[in-house]
Amino acid sequence: MSVLECNGLCKRFGRTEALDRVSFSVEPGRIVGLLGPNGSGKTTLIKLANGLLTPSEGTVTVCGRAPGKESRAAVSYLPERTAIPTWMSTAQLLEFYRDFYPDFRMDAAREMLDHLDIRPGQRIKQMSKGTREKVQLIMVMSRAAQLYLLDEPIGGVDPATRDYILSTIIGNYNPEAAVVISTHLIADVEKVLDEVLFLNRGQLVLQSGVDQIREEKGMSVDALFREVFKC
Amino acid sequence: MRWQFSNDAPIYSQLIEQIKVGIVSGMFAPGERLPSVRDLATEAGVNPNTMQRAMTELERDGLVYSQRTAGRFVTEDRTMIEAAKRELAERHIRTFVAAMLRLGYERKEIAALLKQESAEEEKTDVGFGV
Numbered sequence: 000m001s002v003l004e005c006n007g008l009c010k011r012f013g014r015t016e017a018l019d020r021v022s023f024s025v026e027p028g029r030i031v032g033l034l035g036p037n038g039s040g041k042t043t044l045i046k047l048a049n050g051l052l053t054p055s056e057g058t059v060t061v062c063g064r065a066p067g068k069e070s071r072a073a074v075s076y077l078p079e080r081t082a083i084p085t086w087m088s089t090a091q092l093l094e095f096y097r098d099f100y101p102d103f104r105m106d107a108a109r110e111m112l113d114h115l116d117i118r119p120g121q122r123i124k125q126m127s128k129g130t131r132e133k134v135q136l137i138m139v140m141s142r143a144a145q146l147y148l149l150d151e152p153i154g155g156v157d158p159a160t161r162d163y164i165l166s167t168i169i170g171n172y173n174p175e176a177a178v179v180i181s182t183h184l185i186a187d188v189e190k191v192l193d194e195v196l197f198l199n200r201g202q203l204v205l206q207s208g209v210d211q212i213r214e215e216k217g218m219s220v221d222a223l224f225r226e227v228f229k230c
Numbered sequence: 000m001r002w003q004f005s006n007d008a009p010i011y012s013q014l015i016e017q018i019k020v021g022i023v024s025g026m027f028a029p030g031e032r033l034p035s036v037r038d039l040a041t042e043a044g045v046n047p048n049t050m051q052r053a054m055t056e057l058e059r060d061g062l063v064y065s066q067r068t069a070g071r072f073v074t075e076d077r078t079m080i081e082a083a084k085r086e087l088a089e090r091h092i093r094t095f096v097a098a099m100l101r102l103g104y105e106r107k108e109i110a111a112l113l114k115q116e117s118a119e120e121e122k123t124d125v126g127f128g129v
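Chains A and B are the protein sequences, given in the same order. Per numbering that gives the first Met the number 0, residue 0 is the first one in the first sequence, and the count goes up by one each step. Per numbering that gives the first Met the number 0, residue 0 is the first one in the second sequence, and the count goes up by one each step.
Hints listed in this document are in silico derivations from the structure and should not be mistaken for laboratory results. Certain hints may be false.
Claimed, not checked - Which residues of chain B face chain A? A partial, calculated answer using Cβ under 10 angstroms:
(1) N6
(2) P34
(3) D38
(4) T41
(5) A43
Unchecked claim - Short, incomplete list of chain B residues facing chain A, as computed with Cβ under 7 angstroms:
(6) W2
(7) P9
(8) I10
Glycine is no exception: its CB is placed at the ideal position from the N, C-alpha and C atoms.
Using the sequences plus the hints, can you model the full thing?
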């Protein structure tokens with residue numbers, strides 16, 4: 000069964016068509032890049048997939064079910080903006096996640112935090128922006144979820160942090176689960192991806208494998224993106 | 000191992016090439032157990048499925064074999080490793096010759112230049128007392 004499936008998915012905000020008849024599916028074990036210029040509908044799609052928005056038309060399902068209480072248990076979501084409570088210490092945050100999510104892997108989270116020399120007593124608000132993003136990603140990847148929805152996980156961080164985040168995603172790879180990463184920093188993520196979805200003005204313009212693009216077009220996904228979305 | 004990728008070729012074929020270089024150069028010794036696909040993927044910063052695909056192809060070529068529970072190993076067949084080395088060398092030579100032809104050299108001149116270059120290398124080596 001597909002982990003994520005969209006069929007004729009539309010979302011309108013007033014007269015703006017944020018998503019227009021989008022259909023695709025994501026299979027278990029795949030790491031998929033959701034790529035598109037600013038305002039192409041990436042965040043809208045991710046929010047529809049985890050039930051923060053409802054479709055205007057069409058359907059979206061996670062593991063065969065419409066987004067809701069049950070699907071949320073299967074989805075680990077990294078929002079665009081840091082959303083962890085900043086007054087908490089790392090230790091409190093770990094307990095908070097354990098209380099909320101039965102699939103939270105405490106040992107995995109501790110190990111990753113340890114690896115970054117983040118002390119349990121340190122408060123989130125004392126951390127730099129990059130460290131906060133790392134901590135939040137660790138929380139998200141420490142869940143044994145079926146679908147990881149990562150909205151711009153590498154947007155505002157330095158290249159070293161970017162590498163760390165990407166290797167965390169690879170290191171937590173699970174053949175039963177799927178990962179959807181939205182970004183416009185394609186050159187950095189393309190080696191990590193199985194396939195890519197190109198969104199443009201709310202429409203899905205391409206779904207293809209990364210190596211398939213390189214094989215057929217003789218160019219990287221980044222180069223193809225620049226060609227397709229040339230201003 | 001230092002992994003580097005160009006933008007014009009599929010990632011899996013670049014992985015195959017680089018693992019071959021690793022085997023040929025002895026970084027992965029004959030009969031040595033290879034790291035797991037996940038560890039190699041993390042190290043190279045690539046998708047685990049892509050690394051798996053590279054391994055499957057190397058296995059099909061025979062340079063690598065897997066034992067059901069123990070993992071994946073480099074072949075002990077040195078003739079096969081020698082052949083892979085020769086194949087990689089021939090590819091480098093073809094690329095080199097093509098580049099020289101583009102510069103306007105003739106095949107004979109290319110050979111002469113190579114000879115001259117290696118003679119100078121030898122002199123320098125002696126000079127440094129190596």
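Here's how the hints hold up against the structure:
no.	hint	result
1	N6	holds (4 angstroms)
2	P34	violated (13 angstroms)
3	D38	holds (9 angstroms)
4	T41	holds (5 angstroms)
5	A43	holds (8 angstroms)
6	W2	violated (9 angstroms)
7	P9	holds (4 angstroms)
8	I10	holds (6 angstroms)
Hints 2, 6, counting from the list given before, are not met by this structure.
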